[in-house]
Amino acid sequence: MHPMALDAVLMVLALAAYAAGAIVLVVYFFSREEWTRNLGAALAVAGCAAQFAQLAARYAETHIWPLLNLYGSLSLFSAVAVAIFIAFAFRYRLWFAGGFLLAIAALFLAYGTTWNEGVMPAVPSLQSYWAKIHVPLVVSSYGAFLVSFVFSGVYLTRYYVERRLVPAVASGSTNDEVAGWLGTLPSLTQLDILVYRAVSVGLPLLTLGIITGAAWAHEAWGAYWQWDPKETAALASWILYASYMHLHTRASWRGLRCSWWSVIAFASVIFCYLGVNIWISGLHSYKV
Amino acid sequence: MASAQPLNNLKSDVLRLLGNVTVGVTLLALWGVLTLIGVVVEQGKDPTSYFASYPAPIARAILRLDFNDIYHSVWYLLSIGLVLASMTTATFTKVIPRRLPPHRAVKVDAIPLHDHVTIAGDAESVRARVEQFFTTRGWRVSKREIDGTIWAFADRFNWARVGVLVNHTAILIIAAGAILYWAWGFSGETAVLSGEASQIPQTHALIRLDRFSYTIEPIMTKGGIVYQPIDYVSHVTVVGRNGIPTPMIVRVNHPIDLDGTLVYQASYGFAMRFLIFHGRALVRALSGRALLEGDAFAIPGTGRSVVYERFVPTIDPRTHLPSPDPRVSDPGAVLGVIESGIPLGEMLVPLRTALDLGDGWRVVPERQVVYSGFQYRYDPGVPLVAVGAGLLLIGLVISFYFLPARLHVRVDDAGGDRAIVGVAATTVKGYDIFEEAFRDLIAALRQNQG
Ligand code: HEM
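Protein chains in written order, with the working numbering: chain V, 383 to 670; chain X, 7 to 456.
Check before you lean on any hint, since a few could be wrong.
What the hints assert, rightly or not - Coverage of chain V stretches by chain X, computed from C-beta distances (three or more under 8 Å per stretch; other residues unrestricted): (1) 464-473; (2) 478-491; (3) 612-623.
Stated by the list, open to error - Label-pair restraints from in silico Cβ distances: (4) X:L84 to V:Q572: 38 to 48 Å; (5) V:I652 to X:S59: 16 to 26 Å; (6) X:D153 to V:A424: 57 to 67 Å; (7) X:Q453 to V:T631: 32 to 42 Å; (8) V:I652 to X:W188: 24 to 34 Å; (9) X:N164 to V:Q572: 22 to 32 Å.
If you are wondering where the hints come from, they were derived from the structure by calculation, not from laboratory data. Note that this is a predicted model, so its numbers are computed, not measured. Ideal placement from N, C-alpha and C gives every residue a C-beta, glycine not left out.
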């Protein structure tokens, strides 16, 4: 088979696995049937493996580092998010949240395929070993933040459903089924800690990503910090997650408010990742 | 002495305010928002361009609040200054006292993470066995007698309590590095024509461009042909402090070090040499000088001047318009003519052909001269920033992955050759984060000793 065709086949496989896995795991979220969890987990693992194989196949064929455009970078983003989620899911039995994560990963991946421009060698400033270090670090941090975002989403869902439900249960006007189902989710406290743990993966990665970016900028452009829109937006996200970490030391902020904060911080990550690339030009639009 | 009191009160109020974590986070968030404003509002543009992009009141506000150069504005520097002040105050007033608590007695039942385990044996021997149990699991156990009761304290990752200090110190070190550049560093840009030399004004070092080469490849993509630059290389001879001319190569991503000043490949372009004729005669005084893009020269005795707008590497032979191919094959120059300050228009003039300017004047773009754009920078703060960045990373890993926890253990005789072991746990991050581990630990204790 032509290797580029292999690239495309693996991409389609990954997308199909994520889409199917998303559906199966959303069913699991509501039904708690064990077989849906097992099938969904297998699909998540298969899709993730297909994605890494796709990136490797593309690199092997073109000898061009595949992460320097949105096609490759979004692919790594969803692959890392799914990989980090899989690790969390095995460690903390969290497959119930997998449907949402896989659905989001599939959307980003599908969006990434619209940026496939074919094979392009890198412009001189991107021909650096730093590209091989900096880009995966930053993209992986975004992946971890996506996981924390999904956990925040589950936290907020549980929080608001519970708030509606508890008075209803007390007055006997609702069935116990929903309450029973809620009980199968981790407690709010546990969900809050999960968000924190995912941020604990993302923030050191983002810090390292910004540091390696600064080292690269120092080498390529002469200054480790240039207030370029991309690096500045990354700084803003970093500040928001550093604030999250501080707020999480306050008992009154843990839980609800911290979950909202993590949602806002993730919005700034997406702005930094996609918004800046698409709307704002700067050194990271790669001129020299 | 009487006036010292209000002053002291003010000082302690300010310190309390700055050391408050919520105030600190608000300042951090403010810094984040200002940073984002700088991403959204384009920086360093001509004032008129803001009026072109925004409604007039917003454009005026942008200019008045210095949002067009936000990272050098008073606001921005003030926000960073306040963050640093708040962080430092919090470190001394909160972090250090709270994070290094002395061993003291507690009410076990009053601490949310607590449990009791009944174990056979007298208090003394049970205490020894429980201590042994924690020690083999990696806890560091120490004993104190407080008000007649013997307490055992088991600490885990006690050293990691300094994580916050490492982080906060790292941020201060990075700030110090940035200040060093601000105080003693410099940077600039210079364009050096092939065969010519340029001096770095601050150090008087000389850079001569012997040759510049570049590679551009046409690449077929889904959207059509794209001309992708592959490499830029400047062959230079530099003369630094030692006075010895030294040949060197500068390429993108590979700066050279000139007595501590780093010189980077930043850009390249084409200057143009013109021949200027009046009647049939070459006007030597005006000819031969190389003009950079955007430069102009005036035609004597007229109100006219000619601007060298830009270089066109290839003129399409069919359309006679600039081709998108950036490789030089059939070059030309776009010239603008200005009459008494009013632009009359632009012309694409092939090389070695004349443009008639009227009154017997003709101008001929004769030959392009490639130049290399260098950026140079001396930054004495880099080592500090690098050390700070490394520390920051280490501090984050410590803070996130090594959770210091303390077990407060007391063993009391329960009669009938049994002892009750009361254990309460505290961590630097509240109780929830340690709950699971605590339950596992107590379950293991029960199983091991029960
Ligand atoms: C406005 C500025 C800041 C203030 C007022 C501040 C204050 C504090 C305080 C009081 C704590 C201890 C919280 C507790 O144990 O209850 C803390 C923890 C911490 N700070 Fe800061 N800080 C600031 C900025 C920063 C920055 C910019 C960083 C860089 C990443 C940072 C990193 C940390 C870390 C890693 C912790 C430990 C968090 C944890 O263990 O969960 N701080 N900070």
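Those earlier numbered hints the structure runs against, lowest number first = Hints 1, 2 not satisfied by this model.
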